[in-house]
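Colleague: Here's the letter readout for the chains.
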Amino acid sequence: MQESSQNRLREEAGKLLSAAAVEVVVGYGDGHGGDGVRPLFARTPDEAAGLVWNDACVHNLATYLSREPCRQILLRGGKVGIVAKGCDARALVVLLQEGQIARESVHVIGMVCDGVLDPGAAVSGGTAGSSGAVLPKCRQCEVQTPPLYDTLVGDPAGAAAAEGDPLEDVKDLQSMSLEERWSFWTGHLARCIKCYACRQACPMCYCATCITEKSEPQWIDKPSHLKGALAYHLIRAMHLAGRCVSCGECGRACPMDIPVDKISRYLAGQVEEAFDYKAGMDPEATPAFRTYREDDPEDFIR
Amino acid sequence: MVSKSDLSSVIARAVSAGYEVYAPGKRNGKVYLEKADDGASPELDHVITVNGVKDILLPRCEPLADFNLTDVSIESIDAPAAGRVLLATRPCDAASLVILDAILLDPARDTRYARMREETVVVTVACSRADAACFCTSMGYGPHDETGSDVILLPAGDSYLVRPLTEKGKAFIGEVGLEADAGGEPDSPPQLTRTVRTEGLKAWLDENFESEKWRDVSINCIGCGACYYLCPTCHCFDITDEAGVARGRRYRIWDCCSFADFTKMAGHQPRVGRHARYRQRIMHKFKYTVDNVNLTACVGDGRCIRHCPVGVDIGEILESLPEGGAARRGGPEPGSREG
Amino acid sequence: MASFRPRIVAFLCNWCSYAGADLAGTTRKKYRADVRVIRVPCSGRVDPSFIIKAFERGADGVIVGGCHPGDCHYVSGNYNARRRFYTVRKLLDFMGIDSERFQVTWCSASEGEKWAGVVNDVTDLIEKLGPLEAFKEMGRAVLSDTREIEGVAGE
Amino acid sequence: MDENLVPRIVRVEEIREETPDTRSLKLVFEDADFQKSFEFRPGQFCLISVFGMGESTFCISSPPGRKDFIEVSVKNVGKVTSAIHDLEVGARLGFRGPYGNNFDLEKMEGRNVVFVGGGIGLAPLRPPIYEVLERRDRYKDVYIIYGARSVLDVAFKQDLDEWGKRGDVKLVTAVDPGGEDESWKGEVGLVPHVLEKVNPPPDSVLVTCGPPIMIKYVILSARKMGFVPADVITTLEMKMKCGAGLCGRCNIGSKYVCRDGPVFSLEEVESLPDEF
Numbered sequence: 001m002q003e004s005s006q007n008r009l010r011e012e013a014g015k016l017l018s019a020a021a022v023e024v025v026v027g028y029g030d031g032h033g034g035d036g037v038r039p040l041f042a043r044t045p046d047e048a049a050g051l052v053w054n055d056a057c058v059h060n061l062a063t064y065l066s067r068e069p070c071r072q073i074l075l076r077g078g079k080v081g082i083v084a085k086g087c088d089a090r091a092l093v094v095l096l097q098e099g100q101i102a103r104e105s106v107h108v109i110g111m112v113c114d115g116v117l118d119p120g121a122a123v124s125g126g127t128a129g130s131s132g133a134v135l136p137k138c139r140q141c142e143v144q145t146p147p148l149y150d151t152l153v154g155d156p157a158g159a160a161a162a163e164g165d166p167l168e169d170v171k172d173l174q175s176m177s178l179e180e181r182w183s184f185w186t187g188h189l190a191r192c193i194k195c196y197a198c199r200q201a202c203p204m205c206y207c208a209t210c211i212t213e214k215s216e217p218q219w220i221d222k223p224s225h226l227k228g229a230l231a232y233h234l235i236r237a238m239h240l241a242g243r244c245v246s247c248g249e250c251g252r253a254c255p256m257d258i259p260v261d262k263i264s265r266y267l268a269g270q271v272e273e274a275f276d277y278k279a280g281m282d283p284e285a286t287p288a289f290r291t292y293r294e295d296d297p298e299d300f301i302r
Numbered sequence: 001m002v003s004k005s006d007l008s009s010v011i012a013r014a015v016s017a018g019y020e021v022y023a024p025g026k027r028n029g030k031v032y033l034e035k036a037d038d039g040a041s042p043e044l045d046h047v048i049t050v051n052g053v054k055d056i057l058l059p060r061c062e063p064l065a066d067f068n069l070t071d072v073s074i075e076s077i078d079a080p081a082a083g084r085v086l087l088a089t090r091p092c093d094a095a096s097l098v099i100l101d102a103i104l105l106d107p108a109r110d111t112r113y114a115r116m117r118e119e120t121v122v123v124t125v126a127c128s129r130a131d132a133a134c135f136c137t138s139m140g141y142g143p144h145d146e147t148g149s150d151v152i153l154l155p156a157g158d159s160y161l162v163r164p165l166t167e168k169g170k171a172f173i174g175e176v177g178l179e180a181d182a183g184g185e186p187d188s189p190p191q192l193t194r195t196v197r198t199e200g201l202k203a204w205l206d207e208n209f210e211s212e213k214w215r216d217v218s219i220n221c222i223g224c225g226a227c228y229y230l231c232p233t234c235h236c237f238d239i240t241d242e243a244g245v246a247r248g249r250r251y252r253i254w255d256c257c258s259f260a261d262f263t264k265m266a267g268h269q270p271r272v273g274r275h276a277r278y279r280q281r282i283m284h285k286f287k288y289t290v291d292n293v294n295l296t297a298c299v300g301d302g303r304c305i306r307h308c309p310v311g312v313d314i315g316e317i318l319e320s321l322p323e324g325g326a327a328r329r330g331g332p333e334p335g336s337r338e339g
Numbered sequence: 001m002a003s004f005r006p007r008i009v010a011f012l013c014n015w016c017s018y019a020g021a022d023l024a025g026t027t028r029k030k031y032r033a034d035v036r037v038i039r040v041p042c043s044g045r046v047d048p049s050f051i052i053k054a055f056e057r058g059a060d061g062v063i064v065g066g067c068h069p070g071d072c073h074y075v076s077g078n079y080n081a082r083r084r085f086y087t088v089r090k091l092l093d094f095m096g097i098d099s100e101r102f103q104v105t106w107c108s109a110s111e112g113e114k115w116a117g118v119v120n121d122v123t124d125l126i127e128k129l130g131p132l133e134a135f136k137e138m139g140r141a142v143l144s145d146t147r148e149i150e151g152v153a154g155e
Numbered sequence: 001m002d003e004n005l006v007p008r009i010v011r012v013e014e015i016r017e018e019t020p021d022t023r024s025l026k027l028v029f030e031d032a033d034f035q036k037s038f039e040f041r042p043g044q045f046c047l048i049s050v051f052g053m054g055e056s057t058f059c060i061s062s063p064p065g066r067k068d069f070i071e072v073s074v075k076n077v078g079k080v081t082s083a084i085h086d087l088e089v090g091a092r093l094g095f096r097g098p099y100g101n102n103f104d105l106e107k108m109e110g111r112n113v114v115f116v117g118g119g120i121g122l123a124p125l126r127p128p129i130y131e132v133l134e135r136r137d138r139y140k141d142v143y144i145i146y147g148a149r150s151v152l153d154v155a156f157k158q159d160l161d162e163w164g165k166r167g168d169v170k171l172v173t174a175v176d177p178g179g180e181d182e183s184w185k186g187e188v189g190l191v192p193h194v195l196e197k198v199n200p201p202p203d204s205v206l207v208t209c210g211p212p213i214m215i216k217y218v219i220l221s222a223r224k225m226g227f228v229p230a231d232v233i234t235t236l237e238m239k240m241k242c243g244a245g246l247c248g249r250c251n252i253g254s255k256y257v258c259r260d261g262p263v264f265s266l267e268e269v270e271s272l273p274d275e276f
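Residue numbers (this note's numbering), protein chains in the order written: chain A, 1 to 302; chain B, 1 to 339; chain C, 1 to 155; chain D, 1 to 276.
No lab work stands behind these hints: they were computed from the structure.
For clarity, every value in this text was computed on a predicted model and none was experimentally measured.
Take these hints with a grain of salt, some might be off.
[To be verified] Computed list of lysine to any residue pairs in SDA-like fashion (alpha-carbon distance at most 25 Å, straight line):
id, chain 1, residue 1, chain 2, residue 2
1, A, K79, A, L96
2, B, K264, D, S271
3, C, K53, A, E298
4, A, K214, B, A266
5, A, K278, C, D93
6, B, K35, A, H188
7, D, K170, D, E109
8, C, K128, A, R181
9, C, K128, A, M176
10, B, K30, B, A266
11, A, K214, B, A260
12, C, K114, A, M176
13, A, K171, C, L23
14, C, K114, C, L23
15, B, K170, B, D181
[Said to hold, decoys possible] Every beta carbon over 10 Å from chain A, so not counted as near; a handful from chain D, in silico:
id, residue
16, F38
17, S82
18, E106
19, N112
20, G226
21, V228
22, S254
[As the list claims (entries may be wrong)] Simulated coverage check for chain A against chain B, where a stretch passes if three residues somewhere in it have a Cβ under 8 Å from a Cβ of chain B:
id, stretch
23, 151–158
24, 288–300
Every residue, glycine too, gets a C-beta built ideally from N, C-alpha and C.
Construct the complete structure from the given sequences, taking the supplied hints into account.
Modeller: Put into structure tokens, the structure is as follows:
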């Protein structure tokens, strides 16, 4: 299944590149000496033959659209091909909604996906869809078929979502007392080194100048002491509220193993519950924080 | 000889001798070099800690001074002078200190680092294991290398042979009741699976500031600071103030050339583009530091490879730049030191 | 902690709550004096960063005052803001900070009395919750430094 | 490096508004003994702190011979500099320095010296000018060519007046085309053109500082006129934090501007990668 998808992917990407329909296809290639995968920028049909598709393809490649060299290609009117799982395609939808990319300037190779493996969990033996080794986001996945694509690779009917609650780990936290949550987060954030891997891995963090870099006024203290780390993560969470597609890349990218993705995934859940909005599902939908309903929750207001 | 299980009592004795002890400890399944209390037992089976020793000696967030903004006075905050011991650090981390010393102690002197460093005893536990990211041997070091260590503990079965390497190290083992082993046969060091060829690298870097290769090798990089901040030899810093109404504080914090605002001045940005910033990283480690202090600023600890969220692999990149010069290792040549 | 006087920051909409607070003053309503008022053009102007920044700089509580639903000078600023405020409260709670420290009130220009009541109630509430040690405690820098830093956050 | 990267306190003794966006501050160390013993060489720079706002780099622009004060000139461009522009006399600031290398004035002895400054860029040239004029007999002809965008932007008017009155200095002042008014008696033209028009002999030493674009064209003109790269001296600016070659951000290639510079000859500059 994965192998036939991989062949289809190579074929499609190769076609796009040989027809010069796109300047580059951003996909996955072999990682360190064949161990795992990493992003691959295919610029020629030959390079497209190096594209891979398997359950280690965790990265959300949409983050590359706002970085070099894709940014430059898009700015000069060129076209970029991008390999997207369902969750990645949700990020593309948000980028479209927010005017960061034009629909015609990206060719989305959508991949039907039945889950990717959690690189943090033990990799031995587990296959996607069968065990706890898939990422939490893959449990009960609603976007095994991407909500946005130009070419679809894989059989939508054949995909089976992993069982379980995608927000289970978040709910564990919710069931704690306030004090327990506080010590959970301070324990973790004490390790934050402010390398901004969470921000850089995030496809939604495309601002040319991040609020962390603004010094007049200094919104967020630069030091990575707890105060500076908490302020950073709180403000980042609010910047992502209603926009986060729960791809979990922030948590995966963190070299200090801080589960920052829990914050954004929690808020995404809250936004969905209160405002009936799930980010990245429909390019035509109005984002949660660009609209309102008169009967929005207001019991907290005096 | 000291048995592996006795290392916790070494910690206890060091603590009661007044040392601040830093040792590998496990949190959420990962091993970090962190402050160890009396009674802690160090992790010993890991390959390497997530953070490097610079996390202790060149802290990521170091208060420099307090300001009173009402009468505008400064109160300097001295670097902690208490003796500290880095226990069970790895040979590559110990070697990183020799590189930091060369950069930070001469000709300009980082007085804070100097004070911390003078008061630090480095007790290394040689490696029994290496992973796919380790490439210390390619940088001129090795799993049993003594560079930068005051004492090295060489694994021998369930115990370690104790080899003091400096006067500081000798004094320390005396204080904690360890005895030096003159003889003894340590376990053979682990074989590394990765070699990184650096022949010709320096010569290539000397000539190729402008090369299209920089764009190619940095294409995957997303511009975060993970590799910089975990690297034991990356030492760039920023100085920043925090202020309330009446009081403020100045900090020295880590900073890195990956970030656009690293070199950005009001109205001028000399280093434009991610490839230029990645070039600075490679150039700084493998050319500029060699030009200035005759050392390569890399110990092959592999952290940048292990923790890159997008699989950027410095080993592959170094090999892909030139064809064919060996890295300049720090410290005396292996085996040349007495002790 | 008998001597605790909470530090509360209030962001008040220029068109209603600020005028309401003004009215409370001119009609000599007696109310607690631990609130620092910042006038904003609309409750919709209150970026969540303002709220977080206020806490970070030493506020024990934050109040946002806006026009009643339907009364916004800019038609819908308060409606839009309401969604954000709801989310901020959820976030604070998730991170282990009592969300009651962040209060929102709809208070019109004629509701001087209501404003005074809100301030009294919120002040009582924050007093009960005690100082927001969260950020203050955290200001004591990491690693070996254990010095107090509340001066940085406060006055 | 200063102990612990911690500054000393200086008091703002006097403020002189040079132009609408630039002011010079006369600073005196609170520690009177330290003030007396403080020395710097022409070309060196310092870091000034506005406490709670941060630190910024400035060249010291007062005469090195004056033991009773130091002067810096500040253009309002960012966070720290705008805070400095809000200050009044009596304010207290932090001072670290001096840092960096200096203009080698001894090497210029016996030769013509041409100073070419633009805008606020005259500030770093003031100490060497003062020094050269102090020991005027050791040098042959001294030229000072100074240009500003407009009459309003002409800084250091007192100095220019004084130098103009001396018979042993060839002072030429200019404003950019369009920047003149009826009262302007100097040249109208861009600095590199004015330099070419003045046409000092190419065996002179040329010392220049100004906006990067001006320096670039002054260098082109100097080359055209036959100056040799070793005799064209400039001072570079990069973002700096420590001042001592430790913090790692002001390097151009292997050279740290704070430690190996800020004064470089064109010959040295040409050996550096193009990243400044």
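Colleague: Look at each hint and say if it fits the structure.
Modeller: Now the hints, each set against the structure:
| no. | hint | result |
| --- | --- | --- |
| 1 | A:K79 x A:L96 | holds, 14 Å |
| 2 | B:K264 x D:S271 | holds, 23 Å |
| 3 | C:K53 x A:E298 | holds, 24 Å |
| 4 | A:K214 x B:A266 | holds, 12 Å |
| 5 | A:K278 x C:D93 | holds, 21 Å |
| 6 | B:K35 x A:H188 | holds, 16 Å |
| 7 | D:K170 x D:E109 | holds, 17 Å |
| 8 | C:K128 x A:R181 | holds, 20 Å |
| 9 | C:K128 x A:M176 | holds, 22 Å |
| 10 | B:K30 x B:A266 | violated, 41 Å |
| 11 | A:K214 x B:A260 | holds, 12 Å |
| 12 | C:K114 x A:M176 | violated, 35 Å |
| 13 | A:K171 x C:L23 | violated, 45 Å |
| 14 | C:K114 x C:L23 | holds, 10 Å |
| 15 | B:K170 x B:D181 | holds, 11 Å |
| 16 | F38 | holds, 30 Å |
| 17 | S82 | violated, 8 Å |
| 18 | E106 | holds, 42 Å |
| 19 | N112 | holds, 45 Å |
| 20 | G226 | holds, 42 Å |
| 21 | V228 | holds, 40 Å |
| 22 | S254 | holds, 26 Å |
| 23 | 151–158 | violated (count 0) |
| 24 | 288–300 | violated (count 0) |
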